[in-house]
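K.L.:
Produce the entire structure from the sequences given, and follow the hints as far as they go.
As a plain string of letters, each chain reads:
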Amino acid sequence: MSRRVIVVGGGPAGVAAAIAARRTAADAEVVLLSAEALKPYEKPPLSKAVLTENLDPSATPIVPDDLLAGIDLRLGVRVAGIDRAGRRVDCGAGGWLTYDALVLATGAGARTLPGLPATLPGVHYLRDAADALRLRDALGQARSVAVVGAGLIGLEVAAAAAVGGAAVTVLEAAATAMARVCAPSLAQRIVERHVRAGVMFRWGAAVRGVKAVADKLALSLGDGETLSADLVVVGIGIQPDTALAEATGLAVARGIVVDATCRSADSAIFAAGDVARFRTLWCDGPVALENWRHALDQGEAAGINAAGGDATYAAVPSFWSDQYEVRLQGVGWADGLETPAVRRALAKDGAIEFHLRDGQVRYAVGIGASREIAIAKRLIERRIAVQAEALADPGVALAGLLRASA
Amino acid sequence: MTVSDDGTTTRAGEERWIAACAAADVEDDFGTRVEVDGGQAIAVFRVDGAYHATDDRCTHGEASLCEGLVDGNVVECPFHAGTFDIVTGKALTFPCVVNLATYPVRVEDGTIMVRVDAPTTIPTLLDRSEPA
Numbered sequence: 001m002s003r004r005v006i007v008v009g010g011g012p013a014g015v016a017a018a019i020a021a022r023r024t025a026a027d028a029e030v031v032l033l034s035a036e037a038l039k040p041y042e043k044p045p046l047s048k049a050v051l052t053e054n055l056d057p058s059a060t061p062i063v064p065d066d067l068l069a070g071i072d073l074r075l076g077v078r079v080a081g082i083d084r085a086g087r088r089v090d091c092g093a094g095g096w097l098t099y100d101a102l103v104l105a106t107g108a109g110a111r112t113l114p115g116l117p118a119t120l121p122g123v124h125y126l127r128d129a130a131d132a133l134r135l136r137d138a139l140g141q142a143r144s145v146a147v148v149g150a151g152l153i154g155l156e157v158a159a160a161a162a163v164g165g166a167a168v169t170v171l172e173a174a175a176t177a178m179a180r181v182c183a184p185s186l187a188q189r190i191v192e193r194h195v196r197a198g199v200m201f202r203w204g205a206a207v208r209g210v211k212a213v214a215d216k217l218a219l220s221l222g223d224g225e226t227l228s229a230d231l232v233v234v235g236i237g238i239q240p241d242t243a244l245a246e247a248t249g250l251a252v253a254r255g256i257v258v259d260a261t262c263r264s265a266d267s268a269i270f271a272a273g274d275v276a277r278f279r280t281l282w283c284d285g286p287v288a289l290e291n292w293r294h295a296l297d298q299g300e301a302a303g304i305n306a307a308g309g310d311a312t313y314a315a316v317p318s319f320w321s322d323q324y325e326v327r328l329q330g331v332g333w334a335d336g337l338e339t340p341a342v343r344r345a346l347a348k349d350g351a352i353e354f355h356l357r358d359g360q361v362r363y364a365v366g367i368g369a370s371r372e373i374a375i376a377k378r379l380i381e382r383r384i385a386v387q388a389e390a391l392a393d394p395g396v397a398l399a400g401l402l403r404a405s406a
Numbered sequence: 407m408t409v410s411d412d413g414t415t416t417r418a419g420e421e422r423w424i425a426a427c428a429a430a431d432v433e434d435d436f437g438t439r440v441e442v443d444g445g446q447a448i449a450v451f452r453v454d455g456a457y458h459a460t461d462d463r464c465t466h467g468e469a470s471l472c473e474g475l476v477d478g479n480v481v482e483c484p485f486h487a488g489t490f491d492i493v494t495g496k497a498l499t500f501p502c503v504v505n506l507a508t509y510p511v512r513v514e515d516g517t518i519m520v521r522v523d524a525p526t527t528i529p530t531l532l533d534r535s536e537p538a
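Chains as they are written, first to last, in this note's numbering: chain A, 1 to 406; chain B, 407 to 538.
It is worth saying that the hints were derived from the structure and are not from the lab. Watch out, some of these pointers could steer you wrong.
Estimated spans, in silico, between C-beta atoms of each pair [said to hold, decoys possible]: (1) Ala260/A - Ala430/B: 42 to 52 Å; (2) Asp27/A - Asp411/B: 50 to 60 Å; (3) Asp454/B - Gly359/A: 29 to 39 Å.
Residues from chain B that face chain A, not an exhaustive set, calculated with beta carbons under 10 Å [claimed, not checked]: (4) Asp431; (5) Glu433; (6) Asp434; (7) Asp435; (8) Phe436; (9) Glu468; (10) Cys472; (11) Glu473; (12) Gly474; (13) Leu475; (14) Glu482; (15) Phe485; (16) Ala487; (17) Phe500.
From chain A, some residues computed to sit far from chain B (all C-beta separations above 12 Å) [as the list claims (entries may be wrong)]: (18) Arg84; (19) Asp131; (20) Ala173; (21) Ala174; (22) Ala175; (23) Pro184; (24) Ser185; (25) Val195; (26) Ala243.
Predicted model, so just to flag it, every value in this text is computed and none were measured. Idealized CB from N, CA, C, for every residue including glycine.
P.N.:
Structural data, given as structure tokens:
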């Protein structure tokens, strides 16, 4: 009997895993189970073009149909449980399905604030296509929008709402925006762009709760004030969807714990994408990376290994965010690095900052800095020794640093 | 349009060579973006001292390949990090799966001439055997 690889989750990690498994073992049976009804679609547009350009989520599939050829894709299947001893998964009405290898790519849900229940009409969280379409409809009616959280998703939604003509207020518990990915000076550039679009910001704002008052929502804030809005969107991070793994006794610590081959403590079970927690060369401690490129790359490694191949996952993390015409990109990992960052001014309103450790770039983030980020990625990957002065000096060609110590 | 045995297509109109840029302006690390007409942009690359031209826009996302770092004959898209073979236009790594059009190039008195009426695109083989 041929080997059967089951992949749970129709996001980028699951799709990449299924395709990689298919290519690694031509005779393997590859089953991709997705709880969603839509064919695997791209999530990044949900907080961008789906809101601003009326894009239909199904118009941006993760891969063209041809790439899914030979994969048994089953939509609308929510896996109810895993029987590790019997190596089988419970597909609910679909019965039990046995596996030789299982890839968990269940992703993550939105982290919720107890005071802001998603069940209250007018309160929105954004993770999947259904959320995005509901939000788009609601934005079309809303004159005032409160966005809770000045992270990437919150700010992308704020930009979409502002472009749509709504009066937008962003409430952020911290003192600066996007504190996880950039230093305040760079974040300030993006905040200023929002302010030009009419967006208001309240820093250090704790949201205690929300009440429906007439046909509006009243948010009560930590300082005793109240903010009234037609619509509230909450973007305060994500929570890995580890329920299946936990129920079957796999090690979970804010993510399913896996090694560099994406294997969990059970050698027949792999995890990849938002749901996985692992150690990587590029970060100090174990991390769960929450970005698109990571999901694809780690999913691919998990799929290869699940099909009997041999892949180690060691990609450098990277992310991007589009807000208005501004593209923010980052590469590497920022936590625990030397500050202040080394800044370099770029032409045409671009800017980039580098974070170093032991004379090597470990993280870089910039706006309007595609070329520089591409170079930074190589500097990080190849662990090239650099001088902070050279990084900061616009007169020094960055690409030349790639060759300096080669 | 001509289609060769392996499915490669070449769309050729009346030979139209345009002066794209000075050869001396083309770096090794990045392509040089040249707007042709109707908003179409061509990327001119130098690989091992030879010049090549492809479409500038990535076949996957909204990105200029001239912003992507060149390594040998490979350009990595600066947006989602998929890669293409500059010489053949072949999409090499995920998420790039659709091949890139390439154009004939010649150098005349230090000027890169690109034949913009004749894009060549090798067939996109979605069931490539190597892993993505």
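K.L.:
Against this structure, judge whether each hint is valid.
P.N.:
Hint-by-hint comparison with the structure:
no.: 1; hint: Ala260/A - Ala430/B: 42 to 52 Å; verdict: holds, 45 Å
no.: 2; hint: Asp27/A - Asp411/B: 50 to 60 Å; verdict: violated, 30 Å
no.: 3; hint: Asp454/B - Gly359/A: 29 to 39 Å; verdict: holds, 32 Å
no.: 4; hint: Asp431; verdict: violated, 15 Å
no.: 5; hint: Glu433; verdict: holds, 8 Å
no.: 6; hint: Asp434; verdict: holds, 8 Å
no.: 7; hint: Asp435; verdict: holds, 4 Å
no.: 8; hint: Phe436; verdict: holds, 6 Å
no.: 9; hint: Glu468; verdict: holds, 9 Å
no.: 10; hint: Cys472; verdict: holds, 9 Å
no.: 11; hint: Glu473; verdict: holds, 4 Å
no.: 12; hint: Gly474; verdict: holds, 6 Å
no.: 13; hint: Leu475; verdict: holds, 4 Å
no.: 14; hint: Glu482; verdict: holds, 7 Å
no.: 15; hint: Phe485; verdict: holds, 7 Å
no.: 16; hint: Ala487; verdict: holds, 6 Å
no.: 17; hint: Phe500; verdict: holds, 6 Å
no.: 18; hint: Arg84; verdict: holds, 28 Å
no.: 19; hint: Asp131; verdict: holds, 23 Å
no.: 20; hint: Ala173; verdict: holds, 31 Å
no.: 21; hint: Ala174; verdict: holds, 28 Å
no.: 22; hint: Ala175; verdict: holds, 31 Å
no.: 23; hint: Pro184; verdict: holds, 25 Å
no.: 24; hint: Ser185; verdict: holds, 23 Å
no.: 25; hint: Val195; verdict: holds, 26 Å
no.: 26; hint: Ala243; verdict: holds, 29 Å
The structure does not agree with the numbered hints 2, 4 stated previously, though it agrees with the rest.
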